[in-house]
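Q: Chain residues, written in single-letter form:
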Amino acid sequence: MEDLIKKIKTRLHLRPEAEEFLYSISKEIKHSKGEVLIREGQMVKKTFFVTSGCLRSFCIDNNGKEHTLLFAINDWWISDYIAIHNNELATLTVECLTDSTVIEFNAKELDGIHTRFPEFESYQRLNLERHVVSLHKRILNQLQLSATERYDLFLKQYPDIERHTRNYHIASFLGITQESLSRIRVEKAKK
Amino acid sequence: MKALQIIKYGEIKDSLDFNEVSKPTVKANDVLIEVKAAAINPIDKSIILGNLQGMLPLPLPSTSAYDVSGVVIEKGDDVSNIEIGDLVYSRVPQEQMGTLAEFVAVTREAVSKKPGNISFEEAASLPLAGLTALQSLEYAKIKKNDSVLIHAGSGGVGSFAIQYAKAKGAYVYTTTSTSNVEWVKELGADRVIDYKTEDYKSIAKDVDVVFDTLGKNYSLESFEVVKQGGIVVSVVGPLDEASAKMFGMADYKLPEEIAKASSEKEAVYKFIFMHPNGAHLNDIKSLVEDEKIKPIIDNVYPFSESVQAFAHLSTGRAKGKIVIKIS
Chain V
39 MEDLIKKIKT RLHLRPEAEE FLYSISKEIK HSKGEVLIRE GQMVKKTFFV TSGCLRSFCI
99 DNNGKEHTLL FAINDWWISD YIAIHNNELA TLTVECLTDS TVIEFNAKEL DGIHTRFPEF
159 ESYQRLNLER HVVSLHKRIL NQLQLSATER YDLFLKQYPD IERHTRNYHI ASFLGITQES
219 LSRIRVEKAK K
Chain F
165 MKALQIIKYG EIKDSLDFNE VSKPTVKAND VLIEVKAAAI NPIDKSIILG NLQGMLPLPL
225 PSTSAYDVSG VVIEKGDDVS NIEIGDLVYS RVPQEQMGTL AEFVAVTREA VSKKPGNISF
285 EEAASLPLAG LTALQSLEYA KIKKNDSVLI HAGSGGVGSF AIQYAKAKGA YVYTTTSTSN
345 VEWVKELGAD RVIDYKTEDY KSIAKDVDVV FDTLGKNYSL ESFEVVKQGG IVVSVVGPLD
405 EASAKMFGMA DYKLPEEIAK ASSEKEAVYK FIFMHPNGAH LNDIKSLVED EKIKPIIDNV
465 YPFSESVQAF AHLSTGRAKG KIVIKIS
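Going down the list, the protein sequences come from chains V and F. In our numbering, each number is its position in the first sequence, counted from 1, plus 38. In our numbering, each number is its position in the second sequence, counted from 1, plus 164.
Everything labelled a hint here was simulated from the structure, so no lab data went into it. Backbone N, C-alpha and C fix where the C-beta goes; we use that ideal spot for every residue, glycine too. One should not assume that every hint holds.
[Stated by the list, open to error] Using C-beta positions, here's what the derived DEER-type ranges look like:
| no. | chain 1 | residue 1 | chain 2 | residue 2 | range |
| --- | --- | --- | --- | --- | --- |
| 1 | V | Q182 | F | W347 | 18 to 28 Å |
| 2 | F | I248 | V | L173 | 22 to 32 Å |
| 3 | F | P223 | V | K83 | 30 to 40 Å |
| 4 | F | A414 | V | C97 | 50 to 60 Å |
| 5 | V | R223 | F | D354 | 22 to 32 Å |
[As the list claims (entries may be wrong)] One side of the interface only, derived from the structure: several residues of chain V facing chain F at Cβ under 10 Å:
| no. | residue |
| --- | --- |
| 6 | S70 |
| 7 | R77 |
| 8 | K83 |
| 9 | E104 |
| 10 | E200 |
| 11 | H202 |
| 12 | R204 |
| 13 | S210 |
| 14 | G213 |
| 15 | I214 |
[What the hints assert, rightly or not] Dumping the calculated DMTMM-like pairs for lysine to aspartate or glutamate here, alpha-carbon to alpha-carbon at most 25 Å:
| no. | chain 1 | residue 1 | chain 2 | residue 2 |
| --- | --- | --- | --- | --- |
| 16 | V | K228 | F | E350 |
| 17 | V | K228 | F | E238 |
| 18 | F | K456 | V | E225 |
| 19 | V | K68 | F | E247 |
| 20 | F | K332 | V | E217 |
| 21 | F | K349 | V | E187 |
| 22 | V | K83 | F | E238 |
| 23 | V | K226 | F | D454 |
| 24 | F | K332 | V | E200 |
| 25 | V | K71 | F | E273 |
| 26 | V | K71 | F | E455 |
| 27 | F | K458 | V | D41 |
| 28 | F | K489 | V | D99 |
| 29 | F | K489 | V | E78 |
| 30 | F | K277 | V | D99 |
| 31 | V | K194 | F | D242 |
| 32 | V | K226 | F | E455 |
| 33 | F | K277 | V | E73 |
| 34 | V | K71 | F | D447 |
| 35 | F | K483 | V | E73 |
| 36 | V | K71 | F | D242 |
| 37 | F | K330 | V | D99 |
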């Protein structure tokens with residue numbers, strides 16, 4: 039939590055009472071590999087800041103196949119934001135791919151922090167903009183780039199992640215088959 | 165709920181019917197699965213024909229089939245390793261047989277989460293054949309550079325066994341008919357023997373392990389190709405004496421010719437009874453997710469066409485598994 043507080047302090051003046059409030063709506067929790075933090079079909083009240091390890095969010099299609107939406111490593115946030123925003127049941131599952139430590143926040147309280155502490159308003163807006171930019175980039179990459187280019191970008195974005203993930207996690211994130219991913223890796227190895 | 169039931173023993177078209185039956189109740193160790201897909205196997209056909217009445221007496225009508233994949237919608241008080249909403253697969257135990265239905269209750273020990281990278285239909289195709297192959301080849305402690313002969317490489321068990329043995333690093337001989345040679349090669353077998361044009365006994369010699377999936381004369385012939393001190397595992401040949409004892413047949417003796425052949429080769433002969441096992445299914449899950457094993461499906465039938473699916477199974481010509489989509 040101290041690291042997150044430090045990061046926040048680099049971007050705004052954090053009053054002691056705001057810091058105290060952040061502590062009051064969060065707790066640091068260690069999870070084991072395979073633990074599910076959000077399960078499809080359940081209510082979502084929490085959002086998670088990753089301090090170590092690797093998590094992923096995924097949806098399951100009607101045929102029972104998993105499709106990875108996001109990997110979250112150190113310093114990333116992860117939750118089912120559709121469920122939180124629309125007050126709906128989760129359509130995503132969030133699981134730990136490795137033993138992981140997260141700071142678990144009450145999502146509603148965190149979302150409303152700017153009403154108590156207005157200095158968080160621009161901070162939250164910037165965070166949201168960054169998130170939108172990253173999502174737009176992901177969609178555009180999916181539309182414009184070749185599978186190999188998407189894989190290269192993925193490796194830049196998530197260095198070292200391949201140790202923790204199975205092929206199908208990455209293949210479904212990139213929107214390609216496992217066979218295609220294997221082919222791309224073989225081609226890269228030849229270079 | 166709707167279920168495909170065996171109403172009497174006999175010809176498939178006369179012996180199966182859709183009935184409205186009550187939803188299974190969940191005991192403390194059970195999960196209730198909403199069935200998405202089920203798969204049928206040769207044993208299901210044998211049961212319907214009445215060939216197993218002596219060994220597996222059933223109260224009729226009984227719902228058919230053992231393989232299932234679906235979603236957990238309810239669980240007993242003692243189930244801690246599986247959650248409601250989990251996508252699972254199972255080869256259900258004998259006493260819970262009946263996966264050709266909208267719901268099935270299964271003891272948690274027989275259930276595993278399904279592989280995340282395959283569909284319900286593909287997952288349903290794996291348990292019985294996969295557990296049979298895995299438990300047989302695990303008994304043989306198959307390892308890197310072992311040579312293994314797997315009979316009937318195009319069958320449900322054989323096609324899984326080839327991939328499993330390759331995942332363990334073994335050298336795989338397999339037999340199949342001419343029309344299947346190419347796709348069986350694609351499963352990874354090192355030497356595919358076309359039994360219509362080649363004599364497998366002159367090709368697979370002194371192998372470490374024979375996996376007998378055919379029985380009859382093939383069980384005995386296994387000792388012609390296995391190495392001195394090797395292992396013959398069979399899922400269709402005669403019972404071995406230890407297995408027979410388990411079934412209360414204390415004075416059972418291995419057929420003389422098998423005993424003699426086994427003794428001459430100082431080879432082990434073991435009959436494998438596949439047993440439902442969620443931990444083994446979890447091992448299979450990892451192998452599938454790592455693409456070491458791919459489900460091989462011949463055809464997927466809608467629930468309403470289950471009888472046609474059994475007719476297809478009866479031809480014995482399916483390349484891979486026959487799956488029935490339930491919902």
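Q: Check the structure against each numbered hint from earlier and tell me which ones fail, lowest number first.
A: 1, 3, 6, 8, 10, 11, 14, 15, 17, 21, 27, 31, 35 and 37
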